[in-house]
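Here's the letter readout for the chains.
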Amino acid sequence: MTTLFGILGVGANGLASSSFALNVTSQNASNIATEGYSRRSAVIEPIGPPPAGGGGSRANGALRVIDPFLERRLLGARSAMSEAAARTRTLGVLDSVFAEGPGGLGQALDAFESAIDELAARPNEPGARAVVLARAEGLAQSFQDAAASLAEARTDANDRIEAEVGEVNERLHRIADLGVQISQAEISGHEASDLRDRRDQLVREVADRVPVTVVEEPSGQISLLLAGSQALVSPDGRVSELSAVPDAATGDVRIAKMAAGASVDVTSLLTSGSISGTIGARDGALATATASLDQLAFDIATAYNAVHSAGVGLDGASGRNLFEPIASVTGAASRLAVSTDVAGRPDLLAAATSAASLPGDNRGALALKALADSATVAGGGTMSAGAALSALIGQVGGALGSARAMEDAASARADQVAQLRESVSGVSADEEMVAMMRLQRAYQASLKVVEVADEMLGELLQLKR
Amino acid sequence: MRVTDSMLYDMSRTRLSAARTRAAEAQERAATGQRVRAPSDDPTAAALARRESARIAHAEAALRTTDAGLGWLEAADGALDSVESLLSRARELAVGAANGTMNADARSGIAREIEQIRAAVVGLANTEAEGSYVFAGFADNIPPFIATGAYVGDGQVREVEPAPGMRVGVGVSGATTFGVGGAGGTDILATLESLRAALDSDDVATIGALLDPLSSSISQIADARTTLGANMQSLETMRSVAERRRDRATADRADLVEVDPYEAFSELSRAENALQAAVKVAAELPMPGLLDRR
Chain B
0 MTTLFGILGV GANGLASSSF ALNVTSQNAS NIATEGYSRR SAVIEPIGPP PAGGGGSRAN
60 GALRVIDPFL ERRLLGARSA MSEAAARTRT LGVLDSVFAE GPGGLGQALD AFESAIDELA
120 ARPNEPGARA VVLARAEGLA QSFQDAAASL AEARTDANDR IEAEVGEVNE RLHRIADLGV
180 QISQAEISGH EASDLRDRRD QLVREVADRV PVTVVEEPSG QISLLLAGSQ ALVSPDGRVS
240 ELSAVPDAAT GDVRIAKMAA GASVDVTSLL TSGSISGTIG ARDGALATAT ASLDQLAFDI
300 ATAYNAVHSA GVGLDGASGR NLFEPIASVT GAASRLAVST DVAGRPDLLA AATSAASLPG
360 DNRGALALKA LADSATVAGG GTMSAGAALS ALIGQVGGAL GSARAMEDAA SARADQVAQL
420 RESVSGVSAD EEMVAMMRLQ RAYQASLKVV EVADEMLGEL LQLKR
Chain Z
0 MRVTDSMLYD MSRTRLSAAR TRAAEAQERA ATGQRVRAPS DDPTAAALAR RESARIAHAE
60 AALRTTDAGL GWLEAADGAL DSVESLLSRA RELAVGAANG TMNADARSGI AREIEQIRAA
120 VVGLANTEAE GSYVFAGFAD NIPPFIATGA YVGDGQVREV EPAPGMRVGV GVSGATTFGV
180 GGAGGTDILA TLESLRAALD SDDVATIGAL LDPLSSSISQ IADARTTLGA NMQSLETMRS
240 VAERRRDRAT ADRADLVEVD PYEAFSELSR AENALQAAVK VAAELPMPGL LDRR
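For the protein sequence lines, the chains are B and Z, in the order given. Residues 0 to 464 in numbering that gives the first Met the number 0 are what the first sequence lists, from first letter to last. Residues 0 to 293 in numbering that gives the first Met the number 0 are what the second sequence lists, from first letter to last.
Honestly, the hints are just simulated from the structure, not real lab data. Every residue, glycine too, gets a C-beta built ideally from N, C-alpha and C. Hints are supplied without guarantee of correctness; some may be wrong.
Restraint ranges, calculated between C-beta atoms of paired labels, are given here [unchecked claim]:
id, chain 1, residue 1, chain 2, residue 2, range
1, Z, D9, B, S40, 21 to 27 Å
2, Z, T225, B, G318, 18 to 24 Å
3, B, E34, Z, T249, 52 to 58 Å
4, B, S148, Z, D9, 35 to 41 Å
5, Z, P285, B, A147, 49 to 55 Å
6, Z, T225, B, A342, 29 to 35 Å
7, Z, S81, B, G343, 39 to 45 Å
8, B, A404, Z, P285, 31 to 37 Å
9, B, A32, Z, A17, 38 to 44 Å
10, Z, M286, B, D193, 25 to 31 Å
11, Z, A250, B, G250, 45 to 51 Å
So these bits of chain Z aren't anywhere near chain B, every CB distance computed over 12 Å [to be verified]:
id, residue
12, M101
13, N125
14, G152
15, G184
16, G207
17, S215
Bound-form chain B, shown alone (with noise of 0.2 Å):
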């Protein structure tokens, strides 16, 4: 049965229920610029007229508004974007050491094979044999430069998986902290908005680094999988947690994570996320580079010393290296260096080719120069060591070049899931405005509820008189 004071509740639960999607309303508005904050929505729900309920409306919390297929689709992006951008970042070495310039690969390698051809054409002339000297150190330096940048830019990748594997870590202990407070928040009924946001956030922030996938308990705990099959924070908030392991032999760290209380290698599940871009770009095309590097350094000091070695220097005796001779292709680069069989001594350049004809004999120095147009010099026998530099600098720029392309597109598909993103779950301002007034509306209804209801009490109480 409906009585006046029925009536006097009915309006005080309008006015709750208003006041409540109001101050969700305010709390929208509040967040329209907070990074990862998904707009709420109160739930309000009328109450059956008596004997059922009290009457009016009454809130029933605020849900957060997002599409968890969306929210998947933006890990995913943030994933392969944080890939490509690391590794156009491990990459961008490559520009600055191959680059044409002062110093750099080419020119020393140009101004070496100018100052041999001189030789030939004055064997005898003191200068130009000490800019033969001059210029074999300086592309000694040129490849030592390029070798130490470029084992720079691995020990910077080590270091940054390192870092970001900290990072993840670090990471997956709050994810799994927030689980355990959003669960208790919940189970006693608070509202846990603004904790799911934080866990979202962290999430997103964990992709950036690894590839995950998130499954919801419906608890409201989450799994959270490396790889959608590794467990790296488990729905009880137990963390396993990566670590960086630098490889024995090379010193190249690898990722793992211990699974069954063993130690298991997941660097090749790691298949997007910076820490996944840094490794396949240092195994990749700066190992690549790096190594066609030795092979050139390696071959140039090679066939020099061959034919160095058979020529004669103004003292008449033959078999001095022009170059160090190198043992392994591996760190070639790093060791070249002018013989010191040579070094310093400009007169022991073998120029001439017979004792007998110093010191005027260019044989030994037509053989040299001949070095530089001869095609089995490098790549295996195939090429001149020109031609083997200019096929390595469109390898490296290719390299460098795709992965930039990649990062723009990859950049561009995240740009445009988080814009998906933020269309189902941020916040409108307009619609913001909206609903405060039309709540403001509805206040005013209850309100006047309220009133009508008090007058008619008074009416009814004046009857008496």
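Given the structure of chain B, go ahead and fit chain Z onto it with the hints provided.
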């Protein structure tokens, strides 16, 4: 699609950043004139440009080589030109002296002139150019002829390689040219010395017998000059080939890595316009909305 305020700001930020990047790149290209400054700008062009740079360096080295070679050849040719005139003069004198009407005093006077001619020929045979004695072969750091007419050079000819596989001698063998060191031919200095001796001893028969060796001396020098001329011709040809190669490689490299200035500047003004537009759009934010309601 639902459009929120953040989306507008995000899009505007992305557009501004892209427009600014494009304008900066266009500015750099227009200012430096370079389209490819690092391998990744255009890998193929960068690789090809490296080849062209190497070609330019090789062509310039070839130019220096041909210039040096031409220097020696011209020095040798100039010396042999003088030697040829001197020998002609010596033969004229010998022809006169072979005439029985001349007296011993006159022949003795001619002997002095022949002595001077011989000394001049030795001096010319020891011609030095750019640090090399041109008739010394590989032993080119010391004068190849000593005053007695003995040859201490090695009689070889140094070659240069102005193009791969193409070798050109930058002189002629001093031994062959002057007929010394067992190279065969007529020993020019010995012939002159014999002539002087025959003149001094008033030996008309010997003087007459020396006319033939004097003629073959002259043709020996002429032959050497023919070789020098042919080699000079080759080097001149190689020089212009190298010049063309350098010029073509320079032009090819420019095509690969440099920007067309007209294109660069029109792209610059387009990029600047785009940037201005993006700035204008961004300045219009926030768009009118209910928040502006009075």
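Now the hints, each set against the structure:
1. In this structure, Z:D9 and B:S40 meet the distance hint of 21 to 27 Å, their C-beta atoms being roughly 22 Å apart.
2. Checked against the hint of 18 to 24 Å, the C-beta distance between Z:T225 and B:G318 comes to roughly 41 Å, which is inconsistent with it.
3. A hinted range of 52 to 58 Å holds for the C-beta pair B:E34 and Z:T249, which are about 53 Å apart.
4. In this structure, B:S148 and Z:D9 meet the distance hint of 35 to 41 Å, their C-beta atoms being roughly 36 Å apart.
5. Hint check: Z:P285 to B:A147, Cβ distance near 51 Å, so the stated range 49 to 55 Å holds.
6. Here the CB-CB span from Z:T225 to B:A342 is close to 46 Å, at odds with the stated 29 to 35 Å.
7. Restraint check, Z:S81 to B:G343: a C-beta distance of roughly 43 Å satisfies the suggested window 39 to 45 Å.
8. Taking the beta carbon of each, B:A404 and Z:P285 are about 34 Å apart, inside 31 to 37 Å as hinted.
9. About 22 Å separates the C-beta atoms of B:A32 and Z:A17, a value inconsistent with the hinted range of 38 to 44 Å.
10. A C-beta distance of roughly 29 Å is found between Z:M286 and B:D193, which places it inside the suggested range of 25 to 31 Å.
11. Evaluation of the 45 to 51 Å hint for Z:A250 and B:G250 yields a pass: the beta carbon distance comes to about 47 Å.
12. Against the 12 Å criterion, Z:M101 stays outside the reach of chain B, whose nearest CB is about 45 Å from its own CB.
13. Z:N125, annotated as away from the interface, keeps every beta carbon of chain B farther than 12 Å; the closest lies near 15 Å.
14. Consistency note on Z:G152: stated as away from chain B, yet its beta-carbon is not over 12 Å from all of that chain's, at 9 Å minimum.
15. Remark: the non-interface label on Z:G184 is consistent with the geometry, its nearest Cβ contact in chain B lying 22 Å away (cut-off 12 Å).
16. The Cβ of Z:G207 lies farther than 12 Å from every Cβ of chain B, with a closest approach of about 41 Å, so its non-interface assignment holds.
17. Against the 12 Å criterion, Z:S215 stays outside the reach of chain B, whose nearest CB is about 29 Å from its own CB.
Comparing the model with each numbered hint stated earlier shows that hints 2, 6, 9, 14 do not hold.
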